[in-house]
Amino acid sequence: MNGLIEKLKADLIKQLNLEDLEPGDIEPAVPLFGEGLGLDSIDALEIIVLLEKEYDIKIEDPREGKEIMYSIQTLADFIESRRA
Amino acid sequence: MKAGGPEKDLCTMNRDIWITGIGVASSIGMDVRQTLDSFRAKRTGIGKIEILETIHRSGFKAGEIKHTNAELMRMLGISPERQPDYSRTALIGMIAAREAILHAGLTGDDGLTTAVVSATTVGGMDRTERELAAGDPDPGFIRTHPCGDSTEKICDFLGLPGYRSTVSTACSSGANAIIHGAHLIRHGMADRVIAGGVDALSRFTINGFNSLMILDREACRPFDQDRRGLNLGEGAGFLVMEAGDIAAREEGRRVCRLSGYANTNDAYHQTASSPDGEGACTAMSRAIGMSGMDPKEIDYINAHGTGTENNDASEGAALIRVFREHLPPFSSTKSFTGHTLGAAAGLEAVFSVLAIREGMLIPGLNFLTPIDGLGICPHTELAEGMDIKNVLSNSFGFGGNNSTLIFSKH
Amino acid sequence: MKIIREIAVGGGEVLINGAVDFTSDSKEHHQFLKRIYRHYGIDYPKFFKMSPLSKLGFLASELLLAGIDLSETAPGRVSVVVANSSSSLHTDQIYQGTIDSKPSPAIFVYTLPNILVGEICIRHGFKGEGIFFVQREFEKDFIFGYVESLLKAGQSEISLAGWVELDINGVYLADLYLLKL
Chain A
172 MNGLIEKLKA DLIKQLNLED LEPGDIEPAV PLFGEGLGLD SIDALEIIVL
222 LEKEYDIKIE DPREGKEIMY SIQTLADFIE SRRA
Chain B
8 MKAGGPEKDL CTMNRDIWIT GIGVASSIGM DVRQTLDSFR AKRTGIGKIE
58 ILETIHRSGF KAGEIKHTNA ELMRMLGISP ERQPDYSRTA LIGMIAAREA
108 ILHAGLTGDD GLTTAVVSAT TVGGMDRTER ELAAGDPDPG FIRTHPCGDS
158 TEKICDFLGL PGYRSTVSTA CSSGANAIIH GAHLIRHGMA DRVIAGGVDA
208 LSRFTINGFN SLMILDREAC RPFDQDRRGL NLGEGAGFLV MEAGDIAARE
258 EGRRVCRLSG YANTNDAYHQ TASSPDGEGA CTAMSRAIGM SGMDPKEIDY
308 INAHGTGTEN NDASEGAALI RVFREHLPPF SSTKSFTGHT LGAAAGLEAV
358 FSVLAIREGM LIPGLNFLTP IDGLGICPHT ELAEGMDIKN VLSNSFGFGG
408 NNSTLIFSKH
Chain C
86 MKIIREIAVG GGEVLINGAV DFTSDSKEHH QFLKRIYRHY GIDYPKFFKM
136 SPLSKLGFLA SELLLAGIDL SETAPGRVSV VVANSSSSLH TDQIYQGTID
186 SKPSPAIFVY TLPNILVGEI CIRHGFKGEG IFFVQREFEK DFIFGYVESL
236 LKAGQSEISL AGWVELDING VYLADLYLLK L
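Residue numbers (my numbering), protein chains in the order written: chain A, 172 to 255; chain B, 8 to 417; chain C, 86 to 266.
Quick caveat, the hints were computed from the structure, so don't treat them as lab data. There could be a bad hint or two in this list.
Sample of chain A residues at the chain B side, in silico, Cβ under 10 Å [as the list claims (entries may be wrong)]: (1) L210; (2) D211; (3) I213; (4) I219; (5) K224; (6) P233; (7) E238.
Lysine-lysine pairs mimicking BS3-like chemistry, simulated, CA-CA at most 25 Å apart [to be verified]: (8) C:K187 - A:K185; (9) A:K224 - A:K237; (10) C:K265 - C:K131; (11) A:K185 - C:K112; (12) A:K237 - C:K187; (13) B:K303 - B:K396; (14) C:K187 - A:K178; (15) C:K131 - A:K237; (16) A:K229 - A:K185; (17) B:K416 - B:K396; (18) A:K185 - C:K119; (19) A:K229 - C:K187; (20) B:K55 - C:K187; (21) A:K185 - C:K237.
Glycine residues also receive a C-beta, built at the ideal position from the N, C-alpha and C atoms.
One chain only, chain A, in its complex shape (with noise of 0.2 Å):
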């Protein structure tokens, strides 16, 4: 799970070009939009994406990822469930 998490924050850094950051800044548990790290519905667009390319998971309605993506755990957990 660890590994999965590091891998998830090096992807969304990239994908969604948090230039600023490094994986170290990112908390798992803090929110990803609002507050927090402050992405938006086109960041959410963006992670569906990452999603399907990188992990091969559909997501086909934009409302099913919301609490999916509420934070980094989340969605680390949402990838095993997948997986098992």
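Given chain A, work out where chains B and C should sit, using these hints.
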């Protein structure tokens, strides 16, 4: 025409702007007459994609003009070997602009300063992507690609050598072309402006809007609680706008007046509208203010109404804020034509003029349930024989660019 | 009409009112625009998500407005009037490259030239009139005349106006003015 500072003094600010010609081409008709027939029959142009070659043909519906480029060229009387010179965008634009000037009775050089302002977002991308996908692209697409090319082709085809410019501000482009035209007339830089917008369907935009997950796989449902997104469309709409003193020279030429307009920025997000519809609210209020009217004097609103969750909630909130208990009948004609992007405001300006001229309330299609918390319902039945004096038309583009136009009978 | 300030960015140089204020050996847009961001101590993380064209327009507007007090100006009275020649062609090509694998929504957003106007407005809360023209070359007289009529008509009190171009080869030029009566 000299491009430069205003040459006449500010009393020309009171130069009224009259519409003397209209022209359209879209999936509901290749001219005004066919368009009116479609409104009367409640016949949508949204359906299967048949002409554009895209992997999304079976996935999404669109308001596609059911004519190939070769057919469009025949309609324009252009010989087939000139096909490499024209993007689909240019061809559609030429058809609509030609109808507008014929309707206005413009026959040749009448010594008046005539300008052309056209808007587009796709430009010649329809041709470019086709050429690039082919094994051996014809490099001529470099000439037809730029946004300005369709404007130039319209001017050349209509034999208009004067000032021309191209506007590109996403879905409000056509309205901003009309607003720019109004500025040109008001400040004495032109006596007459042909203004509007055009866009063709392209793989570029279908894939792009799909990546934003705001396309509906079925026909769009503007202002409905269960709306799922927009349908793309293609088309063109142009107005001939003339200074009041010029339009009045001949009896019967004046159709209606552009009595108010405004452009504002929502300053909220690159593609989403603010939840309280602030930018939309300000655009509508300012346009109504310019017209000197009270909001309750508006008889019909042609809404932006794309059918996306975000726009319709935001625009709906703005309508309630501006009109309160006096919300007039409103509808989104995008349920007929799809969202034609750079053409939308041009097409819908023509529809607004038609509403006045024909005394018609154009219905919105596919509506069942009002949006929770807003409770407003678009007009869903065609009504004719009405006295439609003032029409407000909204067009809100990505980049927070919000435009409102108001047309008046008198 | 008065020119309060002029910013030009091109060929690895930043000019303020005609005088070179910053240069860099890295003249190519990708590096140079980042260097401008860092050199002037701009703190706006969303910058990194913008397309190169929007970055250019955004940076030019940041320098144009630096230290200018607009607290007395209502947000609806600031207009933005911009033109260029290639629209968003540079970004269009990048986006086109993503279509075959996975179309990128974040890049698609920037395949409209007026998004750079939107970015400037979002940053400063400007809610006034904005327009984007596509012209063969910078028609400065036309743009200035247009702005002057907006200002004289009272529709706007101050305007950011000019040319922001980044062509398909990455060659960039911004020439932006802050204008008032």
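Hints, verified against the model:
1. Because the smallest distance between the Cβ of L210 (chain A) and any Cβ of chain B comes to about 12 Å, over 10 Å, the interface hint for this residue is violated.
2. Nearest Cβ of chain B to the Cβ of D211 (chain A): about 7 Å, under the 10 Å cut. The hint holds.
3. Contact between I213 (chain A) and chain B, as hinted, is supported at the beta carbon level, the nearest pair being about 7 Å apart and thus within 10 Å.
4. Interface restraint check for I219 (chain A): the shortest CB-CB distance to chain B comes to about 8 Å, inside 10 Å, so the restraint holds.
5. Here the hint on K224 (chain A) is broken, as its CB sits about 12 Å from the closest CB of chain B, past 10 Å.
6. This hint holds: P233 (chain A) has a C-beta 5 Å from the nearest C-beta of chain B, less than the 10 Å allowed.
7. Taken as an interface hint, E238 (chain A) does not check out: its beta carbon lies about 17 Å from the nearest beta carbon of chain B, beyond 10 Å.
8. The straight-line distance between the Cα atoms of K187 (chain C) and K185 (chain A) is roughly 15 Å, inside the 25 Å bound, and the hint therefore holds.
9. Using a Cα cut-off of 25 Å, the hinted pair K224 (chain A) and K237 (chain A) holds, with the two alpha carbons roughly 19 Å apart.
10. For the hint pairing K265 (chain C) with K131 (chain C), the CA-to-CA distance comes to about 29 Å; that exceeds 25 Å, so the pair is violated.
11. Between K185 (chain A) and K112 (chain C) the alpha-carbon distance is near 24 Å, which keeps this suggested pair within the 25 Å criterion.
12. For the given pair, K237 (chain A) sits about 21 Å from K187 (chain C) by alpha-carbon distance, which is consistent with the 25 Å threshold.
13. With a CA separation close to 12 Å, the supplied pair K303 (chain B) and K396 (chain B) stays within the 25 Å bound.
14. As the CA atoms of K187 (chain C) and K178 (chain A) are separated by approximately 20 Å, the hinted pair is consistent with the 25 Å bound.
15. Pair hint K131 (chain C) plus K237 (chain A) holds up; C-alpha atoms about 21 Å apart against a cutoff of 25 Å.
16. Between K229 (chain A) and K185 (chain A), the direct Cα distance comes to roughly 20 Å. Compliance with the 25 Å bound is thereby established for this hinted pair.
17. Taken as a hint, the K416 (chain B) and K396 (chain B) pair is honoured in the structure, with Cα atoms around 5 Å apart against an allowance of 25 Å.
18. The hinted pair formed by K185 (chain A) and K119 (chain C) meets the criterion: a straight-line CA distance of about 16 Å does not exceed 25 Å.
19. Among the hinted pairs, K229 (chain A) with K187 (chain C) is consistent with the structure: their alpha-carbon atoms are about 12 Å apart, no more than 25 Å.
20. Using a Cα cut-off of 25 Å, the hinted pair K55 (chain B) and K187 (chain C) holds, with the two alpha carbons roughly 23 Å apart.
21. Of the pairs offered as hints, the one joining K185 (chain A) and K237 (chain C) is violated, with about 47 Å between alpha carbons and a cut-off of 25 Å exceeded.
The earlier numbered hints that this structure contradicts are 1, 5, 7, 10, 21.
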